[in-house]
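Enquirer: Position chain B with the ligands relative to chain A; hints supplied.
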Amino acid sequence: MLGMFDFAKKAFKHRKFQPMITLIGLITCVASTIFLVLLGQGLGLSVTQITETQFTSFLSSTISQFIYFDTALIFIVGMVVIYFLFTSMMADRQKDVGLIKALGSKENTGYGYVMAEPLLITIYGCILGGLFGLSTFIVYSTIFLPNTLLSQGLTYFCLFLGLLAISFCASWVISSRKAEAFFKNTPVNLFAGDTQNFDFVKEQLTGVGKFLDRLPWILQISLKGIIRSRSKTKTAIICLSLCIFLMTVSLAGGAVAWWTTRSYVDDSFGQNVIAIGDQAVLDEYKNMMTNVLNTKSLSSFNFIENEFFIDRDFIEKLSNIQQIGTIDNRLIIIGHVVEVQTIEIVTDATGSHYVTYGQSNVRSSDALIIGINTNSMVDNLWMQNMHIDANTTIIGSTLSESIFDNPLKQKIALDSNDSNRRETFSISDIVLDPINQGLVVYMPIDSLQKLNSITTHNLVLVKTQDPDTVLEIESLAKQYGLNTLSLDKVHQESLSNIDRIWLSILPFPILSVVTTIIGVLNCLLVSFSGRQHDFGILRAMGAKGNYTAKIVLMESLAFVLPTAITGILIGMLFNFAFLIPNATISAQLLIICISGLSLLLLCICIISATIILKLNKQTPTNLMQDTQ
Amino acid sequence: MSNCAQNNAVETSSLTKEFNFQNTKITALNDATFKIATGEFVVVLGHSGSGKSTLLNLVGGLDKPSSGTIKVCGTDLSTLNDDSLSAFRSLNIGFIFQTYNLISTLTSLENIQFPMKLSNVVNDQLIKERARELLNLVGLANRCDHLPFQMSCGEQQRVAIARALANDPPLILADEPTGNLDWPTGKEVIMFLKQISKTQKKTMIVVTHDERIVELADATMRLEKGRIVNIARHV
Ligand SMILES: Nc1ncnc2c1ncn2[C@@H]1O[C@H](COP(=O)(O)OP(=O)(O)OP(=O)(O)O)[C@@H](O)[C@H]1O
Ligand SMILES: [Mg+2]
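So the protein lines, in turn, are chains A and B.
Residue numbers for the first sequence follow our numbering, beginning at 1 and rising by one.
Residue numbers for the second sequence follow our numbering, beginning at 1001 and rising by one.
In short, the hints are calculated from the structure, not lab data.
Careful: at least some of the hints might be erroneous.
Think about it this way: if two alpha-carbon atoms lie no more than 25 Å apart in a straight line, the pair counts; the simulated DSS-like pairs of lysine-lysine are [to be verified]:
(1) A/Lys617 <-> B/Lys1071
(2) A/Lys544 <-> B/Lys1064
(3) B/Lys1128 <-> A/Lys544
(4) A/Lys550 <-> B/Lys1071
(5) A/Lys317 <-> A/Lys478
(6) A/Lys286 <-> A/Lys463
(7) A/Lys489 <-> A/Lys478
(8) B/Lys1071 <-> A/Lys544
Extracted from the complex, chain A is given alone in its bound form:
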């Protein structure tokens, strides 16, 4: 008697194409899921490690959030593709199940015959895919993430085993549930196959039929093929939408997040701003604006040496230059800031009680403190919407997270030069300014001067576009022993630093796009593998090879178009709603993202049509034999 596994092996051997695609699909799917999830974990860790010490907290959380969301989504798509592969494969076994049942096999034994094949595919697919994914990850990460791999080896291994187990269970459960559903059916229904729900009258009544009849013939048969095999189409559409959704989140989300982080840097610099001060002050200032990535430790530079202060005479002469509007005098120092606990009385139904904000063993930090005059500022975009008065400060995002629990309710204390005295300020706002890695306090220049018993300042910002004026300023500054620094250049440097960070995680979105492409391709190939017989008939009737290719292209477009629209739309919404809530993007970027995605999908359709065309380069007789 033919054993269950013999039966499966024979089925596999003789019906090569379809189980082969399922197996290849499973291998690529498991491999890429494992690779990407491990990589995501690795990148996430290394990004967090780097960013914890170096970035402003906003940058680091945007980036690591992006990575972790993407990782989770890749996992989901992996599962969806597995779901699709196995449901389609089982759907093509419908007739076999019908036969096995009709031959009188009891559910138990028959079940065994039907499930042996998916079991073999599952085992081979998971083992090969797992090994492939793991080894690719090891090679990749020894090159790019050497430290994390060593320190996290065990975590990775557990994660790897977990993923493998989940993939295995998913494949198995999906196919066995499908088989169970089949066995509940009568053999006759099973013979009818995927079209069994077709009802011509209903098709006409709903208007779908009439609409279809009016289309060009190729489109007609493609769409009819899709619509009339409903259950297959449904799974294909769900799977495709999810894949495209991930692609959108990954690509567009990456682009939008990148853009957003850039635009925060943009906001914190003005345009055409020139800084004037002592060369040493300017150097340090520049450093603090650009070191988004360097490992350099925080500045302890003393900004209040006497020689750094700017002469009143100079300011007067400067204000005589025609082209200059506002002169933005600033005092910058490195100071010690301390968390202040606050207590609030809250009255509610249970009566009044106290709520404390902040910790009693106060936290403190060094920070860059910038004294500004709110009446004369060159435009930093974010500052236009914020107000400070003599008793308030605005603090940077990193500072707000490192020494405060609830910064807007708490207060901040600054040491004065008389070390016994501290002064307390309230915090009116938090700003995503990358300067000094987000460890920054903005406050009124008067208050800062008083605190340090200084009456002057050490930095001047002016805004001008005119090159002659720039020259004039330069020569004037020289007379007073001062130098100038064009912030536009510093701005560019900062931006390229941000770009560098994103480029370092670029393989991630690229690879996740590759997985989705593989996923979409798998879906398309699998849905056509069941159609070989039909293509054989078409060829026998005299359809040319590229006629079938056209049908395939039409069908893939018919699949991909609606799913692309939903997937991209939902993906975009998701990006803005969850991933990057305070995104700043331009319409231009949006158009680039969407058209890029669409182009990519079109390519996928063409690739799948080409593959099908290649596979169809057989004689019609071969095509018509399901088992070759």
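Expert: Structure of chain B with the ligands alone, referenced to chain A:
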């Protein structure tokens, strides 16, 4: 492209088809040389596995021979590339297969329309009318909106016959067209094919197991283990 009126409908020489199967060579068709004149109604007989379907597939250009040549309506099939072979089939050959004939997602009417759409008949209305006419001819006028699985095998077979006639091809190849029909219906189908063959001077090659069909044929060809053992012309 081809001219059936002036040539033999089918002309083969030393036609051989071998299959490699688990390292053993199976000669499905062995050195078959024959001629079939235009308008002839030829029946191919033989035991199961004797190579009848193989022969038909080769003549119809669905498969490539291992050696030998086939001329259909004067055109040597080996000179045609894949696309021109398709175009040739579309215009000159109508197929009726042994099993699973129809596109499963198209209704019977749509299945019949298909070959006409392929051969660039432009008028949609004309195509539809002709498809209905053909369905009527095979007695299935009331089944035009059914998918294949909603019809019996015999009905599917008749739709396939109607489809083979759609482009009015000079050569029709039928692989057991009556295999699934009871004798009265089967006979009707055969008579019908024969009548078309006579009135429209179409060449028919019909594979069958049924000896009763022999008496209707102009000629019979007997196959045994891949060899043509006998070609007899009836007068
Ligand atoms: N793809 C194939 N691979 C291997 N052997 C094949 C293949 N197709 C046909 N054969 C063999 O070629 C021989 C002829 O097959 P063919 O299908 O022509 O027989 P037939 O006369 O049509 O039989 P039936 O009356 O049962 O349909 C058979 O022995 C068959 O086993
Ligand atoms: Mg046969």
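Enquirer: Taking only the CA atoms, is the gap from A/Lys286 to A/Lys463 under or equal to 25 Å?
Expert: Satisfied, since the Cα-Cα distance of roughly 17 Å is no more than 25 Å.
Enquirer: Is the hinted pair A/Lys617 and B/Lys1071 satisfied, with a Cα-Cα distance of at most 25 Å?
Expert: holds (23 Å)
Enquirer: Holds or violated: B/Lys1071 and A/Lys544, Cα atoms, limit 25 Å.
Expert: Satisfied, since the Cα-Cα distance of roughly 20 Å is no more than 25 Å.
Enquirer: Does the alpha-carbon distance linking A/Lys550 and B/Lys1071 stay inside the 25 Å limit?
Expert: At roughly 30 Å apart (the allowed maximum being 25 Å), B/Lys1071 and A/Lys550 break the hint.
Enquirer: Take a quick look at whether A/Lys489 and A/Lys478 sit within 25 Å of each other, Cα to Cα.
Expert: Given that 25 Å is the threshold and the Cα spacing comes to 20 Å, the pair holds.
Enquirer: If you draw a straight line from the CA of B/Lys1128 to the CA of A/Lys544, is it 25 Å or shorter?
Expert: Given pair B/Lys1128, A/Lys544 holds - Cα atoms ~22 Å apart, limit 25 Å.
Enquirer: If you draw a straight line from the CA of A/Lys317 to the CA of A/Lys478, is it 25 Å or shorter?
Expert: Cα-Cα ~13 Å, so holds.
Enquirer: Would you check the hint for A/Lys544 and B/Lys1064, treating anything up to 25 Å between C-alpha atoms as holding?
Expert: Holds. A/Lys544 to B/Lys1064 sits at ~16 Å (cutoff 25 Å).
In this structure, the one hint that does not hold is number 4.
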